[in-house]
Amino acid sequence: MPLSSPVTREEFKLTEDHKREKYWKRWGTYVSERCWGVPREDYTDEGDAWQFDFETSKSRVFRWSEQGMAGISDTKQHINLTMALWNGKDSILKDSLFGLPGGAGSKSGNHGEDVKELYYYLDNTPTHSYAKFLYKYPIGEFPYQQLYDENAKRGKQDEEFEITDTGAFDNNNYFDIFFEFAKDDEDPEELYFRITAYNRSDNTAPLHIMPQIFFRNTWAWGLDDINENENENENENENESREIKPHMRQETKNVIRVSDHKLGERRLVFAPAPGYEGLENDIEPKLLFCDNDTNFKKLYDVENKSKYCKDGFHDYIVDNEETACNPDNEGTKACGWFVFDQNGGVPPGDYVTIRYKLTCDLSDEGLILDEDKHDEVIESRIEDADAFYWAVAPLPIPQHLRNVQRQAFAGLLWSKQFYHFIHDYWYRGDPDSDLPPTIGRANGRNKEWKNLYNEDILSMPDNFEYPFYCSWDTAFHTLPLAMIDPDFAKSQLTLLTREWYMSPQGQIPAYEWNFSDSNPPVQAWAAYRTYKIEKKMWGNADRSFLESVFQKLMINFTWWVNRKDMSGNGIFEGGFLGLDNISLFNRSEPPQGIQLLQSDASGWIAWYSLTMMNIALELAKENPVYEDIASKFFEHYLLIADAMTFLNKCGKDGVPTEDSLWDDEDQFFYDKISWSDQNNMSTLKVRSLVGLIPLFATTTIEPETLSLFPSFKKRLNWLIHNKNYLVKRHIASMEAKGAGDRLLLSLVNKDRLSSILQKLFDETEFLSKYGIRSLSKYHEENPAHINIHGADYCVSYLPGESDSGMFGGNSNWRGPIWFPTNFLLIESLLRFYLYYGSTLKVECPVGSGEYLNLGQAAEEIQQRLIHIFMGDDNGYRAYLGTPQELNDDSVELTTKQQKYNDTLEKLNKDEHFKDLVNFYEYFDGDSGKGYGAKWQCGWTALVARMIQDVGVICRAPSTPARRKSVYSMDEIENYEPRPSAYPLLSRRKSGKSLVDLTAHKLDADYDDVERSNIPGLSRKSSLKTFESDGSDNGFLKQVREAMKNYQIKDENEVNINCEEFEA
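Numbering (numbering that gives the first Met the number 0), first residue to last: 0 to 1062.
There may be inaccurate statements among the hints.
Stated by the list, open to error - Only pairs whose alpha carbons sit at most 25 angstroms apart, straight line, appear in this in silico DSS-like list of lysine-lysine:
no.	residue 1	residue 2
1	Lys736	Lys722
2	Lys75	Lys21
3	Lys620	Lys631
4	Lys135	Lys913
5	Lys106	Lys895
6	Lys908	Lys898
7	Lys261	Lys21
8	Lys296	Lys57
9	Lys18	Lys75
10	Lys285	Lys88
11	Lys840	Lys736
12	Lys57	Lys297
13	Lys908	Lys768
To be verified - Label pairs and their computed distance ranges (CB to CB):
no.	residue 1	residue 2	range
14	Asp740	Asp663	27 to 35 angstroms
15	Thr493	Ser847	43 to 51 angstroms
16	Gln341	Glu185	32 to 40 angstroms
17	Asp663	Thr493	39 to 47 angstroms
18	Thr893	Tyr426	52 to 60 angstroms
19	His260	Asn539	31 to 39 angstroms
20	Gln594	His260	52 to 60 angstroms
Just so you know, the hints here were simulated from the structure itself, not pulled from any lab data. Cβ atoms here follow ideal geometry from the backbone N, Cα and C, with glycine treated the same way.
Model the full assembly from the supplied sequences, consistent with the hints where possible.
Written as structure tokens, this is what we have:
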């Protein structure tokens, strides 16, 4: 079932791609923004990946994949198309984004690797039938050295020095470079490109634009020498060997002929650029050719293997070295060089446009680019994209939030990249390698991951700062991806569990710097959520996907049990677990002589057990074998739950002790360390997410589930009656039935839950104006300390950037707000709400006198997270920072403070900035300012899902919380699926139910709701606009249908069939 009726063109393309009728996803935005400084390109003995730096990347070919600005490639990256620029002043072309390396070198960023550019992912569709990218290019000389020097002066306690601090964009002294990519409506191999550059300054300025095409270097490693027949004629020499090397050549003055043995013959055709005001003639491109090979002479002062090297265009255009490019106009890398410097360059406020296409049309007609048709194709794809995203969210969401959601999806899709790494070749060396791998590399990083053979399109956390997959990030990516492209979302989870990713022992690779690190086991949850989202939004219950992933995850679950529960007591020592510096010490490498018993590790595995139980019950609906497997995971959960509450050990006298990860004094979960004497333990009293994660391990069991699975019910009852001490130990409410006769499985009873929630919704502890902090603000005045073997360890509240180099120093879990853990907390509160209903309320925030049930509290957290991206009364968005104000001792702002405020004013209010959005890695626990990776459209794209859930009712930042609210639909007739600005609809009487919110949030579809016979649910809207059938507008019908989710008569009804939820 499609998203909408009638089906949008993008949905139709997705269906064709799914059925393999047309390969719509062969070409896409798959080129990384950075390939230098990554471990897979590291061939040093000492394992210093940062030796391959930004400057080296101009002249050294990449072994595994390619980088470039606004890059398009096929799924195996044989052919790459990118964009290069030159302002006539820089010492190099701008053909890739600039940033500082990590590590401890003189050029390193004070908070690790960091991109120093302004660029934005504006649009993208799941088939990449349309994509749009914006780069802001300074007209003056790019401040490379200034960025190096100023950041080198700064320490871990200092803010980063950004490109906006250099003055490069003062007085609008820059070009806006818009790159657009589109596909033909019928043929996915016909690709259209358009680059439009606007001079935003008050002065005339020159600009050079070089659309580039090049082959990924596959010929330098001895891997493309193959034996094959030239044809199938049996008289041909069957052993004839030839080197298969792709080739480009000039066909006409505006056409490049491209020949690849796998993709065949194509043409890159340029149209003359129409120029700008004051020019009589069009601007014709000059075609340049070189080879995508390393310049050994420049880098290492040894003889080159190729006469015309990778950096040929830099040398030819910038340094006027005419011998740098091939005069025979052929090679493996080419560009069309457009020069706009006539009459001084592009006039102020004016623009230039370049059009080109990659085509399979080898006829005479294919030599010509029809500019009218070219623009028609691009404009049609824009309309298709608009229609598709309206079908995804056919709700009256305010336009500013719809813009955030659209750009979140765009960033997510732009962060898909061709990831290539074959461990055997990296470890042993390529066939044509002159030197064997060094001892340090052979025995160093990732040496045990010999099974890795990765050659796929993968979703990256950030295209520059994290240009490699991180397995727990990937799981969160799949939720917003499932909303728009469930096939791709499922492929990501499937790949992580395949034998060329997952180790033979069952471990899922963590991330490239250390594949053996232990990341939270979130893949089962992501798989079930993806399954549910696809079932609800797309009408397809893909049980084969769910079953195949489930079977592989059983191997992974066994790995966790065997490897991370070292003492066999049900308490897990997970190590890193993705939370970097959250603990007093590096949890992957704890001090010698201690064993760390992790509250969050045990909570993660308990949650993993429940999720696997739920998947097994879903599969058991059609295959009874899984019913017994569900019982097995239920027992795993009970053992972990009991162990967290009562550690399984005895004293010296043999009497069982009743120790616990729960601290009765603080009413919170903490990690513990066991000294060499197992009976001597210390509590690490750090109030952090570590103590909140046990809340994730919560689910409800529907009465219908027990009647549907009698064997599971029998085993459940046996455990309840024969191991009743589990209930008495306050670990789960398995006997008392809650709302809708549900049973609750939870690591906390009502009293303990209430104690944790007291801290969670206290603004002096975890609750921020912008979400839930990773570390309690309590530690701002009360740092946590411990002395281990004479060494002091300390943790204090640090709401912004990290003040240490732990885990690279570019992330911080000691106070900031992180979207993934907030998202899981929200879902946990909704599950608790399904059981407790209106019988359990929490003061939110503490001290306000306002009490919310847990469904309303979950909605409140979502709204606070969305507020990070919304403008306040003065138009300032929190993630960009807060304006500097005078303090009591100041008469006027300092020059630095005023510069900072001027920058904020431009980013928030300038017409060319105010609608552009960054999605940072994490956010300040107090101010909401963004830090870390600037394009973490992986898990920060979860905001797209939150906008889908509560965007209709989201209040403005810094306004009082309301238990429920709804927009008036009086102006709904004015809504159309087009990207124009729509008026904010006025608020009117209550009409939204938290019960229905929960069903929507947990992705129950209409059939689920119908089967539950929810009392009080109105199938007709209470808003009179919906009563009218005066319009035949198809989109309006979608809005009406979608808004049914928001109508209910009685806010206290909670009889939702949770049996269909992922919970």
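Quickly compare the C-alpha distance for lysine 135 and lysine 913 to 25 angstroms and report which way the hint goes.
holds, 14 angstroms
Does lysine 21 sit within 25 angstroms of lysine 261, going by the straight-line distance between their CA atoms?
Distance ~17 angstroms between lysine 261 and lysine 21 Cα, so the pair holds.
Check the hint pairing lysine 620 with lysine 631 against an upper bound of 25 angstroms on the C-alpha distance.
holds, 17 angstroms
Holds or violated: are the alpha carbons of lysine 296 and lysine 57 at most 25 angstroms from each other?
holds, 13 angstroms
With respect to the beta-carbon atoms only, verify the hint that glutamine 341 and glutamate 185 lie 32 to 40 angstroms apart.
holds, 39 angstroms
Just to be careful, I want the Cα atoms of lysine 75 and lysine 21 compared with a cutoff of 25 angstroms; is the pair within it?
Holds. Lysine 75 to lysine 21 sits at ~17 angstroms (cutoff 25 angstroms).
Return holds or violated for the Cβ distance of aspartate 740 and aspartate 663 against the range 27 to 35 angstroms.
Holds, at about 32 angstroms.
Does lysine 736 pair with lysine 722 here, judged by a C-alpha cut-off of 25 angstroms?
The hint holds at about 18 angstroms.
Straight-line alpha-carbon gap lysine 18 to lysine 75, limit 25 angstroms:
holds, 20 angstroms
Pair hint lysine 908 and lysine 768, alpha-carbon separation not exceeding 25 angstroms:
holds, 22 angstroms
Are the Cα atoms of lysine 908 and lysine 898 separated by 25 angstroms or less?
Within the cut-off at roughly 15 angstroms; holds.
Given the hint that lysine 285 pairs with lysine 88, test it: the Cα-Cα distance must not exceed 25 angstroms.
holds, 20 angstroms
Checked against the numbered hints above, the structure breaks none of them.
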